[in-house]
Amino acid sequence: MTNSWNSGGWEPPPPPVSSDPASPVRPYAVTGGRTAPKVKLAMEALVSSATAEHREFSHITPEYKAISQLCLQVRSVAEVSALLRIPLGVVRVLIADMAAEGLVRVHQPQLEAGRPDVNLLERVLSGLRRL
Numbered sequence: 001m002t003n004s005w006n007s008g009g010w011e012p013p014p015p016p017v018s019s020d021p022a023s024p025v026r027p028y029a030v031t032g033g034r035t036a037p038k039v040k041l042a043m044e045a046l047v048s049s050a051t052a053e054h055r056e057f058s059h060i061t062p063e064y065k066a067i068s069q070l071c072l073q074v075r076s077v078a079e080v081s082a083l084l085r086i087p088l089g090v091v092r093v094l095i096a097d098m099a100a101e102g103l104v105r106v107h108q109p110q111l112e113a114g115r116p117d118v119n120l121l122e123r124v125l126s127g128l129r130r131l
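Just so it is clear: in the sequence shown, position 36 is 36 by this note's numbering, and no numbers are missing.
In case anyone wonders, no lab produced these hints; they're calculated from the structure.
Don't take every hint at face value.
To be verified - Pair by pair, the computed Cβ-Cβ distance ranges are:
1. G127 <-> L83: 14 to 20 Å
2. P109 <-> A82: 17 to 23 Å
3. L46 <-> R129: 32 to 38 Å
4. N119 <-> R34: 31 to 37 Å
5. Q110 <-> H59: 16 to 22 Å
6. G102 <-> L131: 25 to 31 Å
7. K65 <-> N119: 30 to 36 Å
8. R115 <-> A36: 20 to 26 Å
9. K65 <-> E122: 32 to 38 Å
10. R130 <-> A78: 35 to 41 Å
Unchecked claim - SDA-like mimics (lysine to any residue), calculated; alpha carbons at most 20 Å apart, straight line:
11. K40 <-> S126
12. K65 <-> S49
13. K40 <-> G102
14. K40 <-> G127
15. K40 <-> R115
16. K65 <-> A100
17. K40 <-> H59
18. K40 <-> R123
19. K65 <-> T51
20. K65 <-> P109
21. K38 <-> L88
22. K38 <-> Q73
23. K40 <-> S76
24. K65 <-> R115
25. K38 <-> Y64
26. K65 <-> S81
27. K40 <-> P109
Each residue gets a CB set at the ideal place from its N, CA and C atoms; glycine is no exception.
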């Protein structure tokens with residue numbers, strides 16, 4: 001380990017710079033440090049783009065653009081997170097913000113008295129058994 005001395009004083013080394021685009025530091029910076037969305041989003045909620053393919057994206061962030069283009073085909077919040085390699089909490093914040101701006105449509109699962117749909121649970125169980 002080397003120390004940098006400048007005019008008789010010690011200066012700490014510069015912080016390491018991550019070249020990894022999947023680093024969790026940058027995505028949380030994109031949300032302004034927010035970890036909770038304005039609207040509660042289930043990870044199985046479906047997201048579809050509310051924008052046309054040819055829309056001009058020069059004024060929105062690269063993350064918004066990626067989510068919007070990915071959701072031209074309906075995707076779940078969890079799928080968006082996995083496919084873009086962005087933490088789920090960050091994706092929830094971004095999608096909630098985009099929904100508020102009218103860039104995406106969010107289709108929340110219907111819950112009866114706080115319980116998930118039995119048909120959904122049966123389909124998930126069936127899929128797990130096939131694995």
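Note to self: Of the numbered hints stated earlier in the document, which are not met by this structure?
What the structure shows: Those not satisfied are hints 3, 5, 6, 10, 11, 14, 17, 18, 20, 22 and 24.
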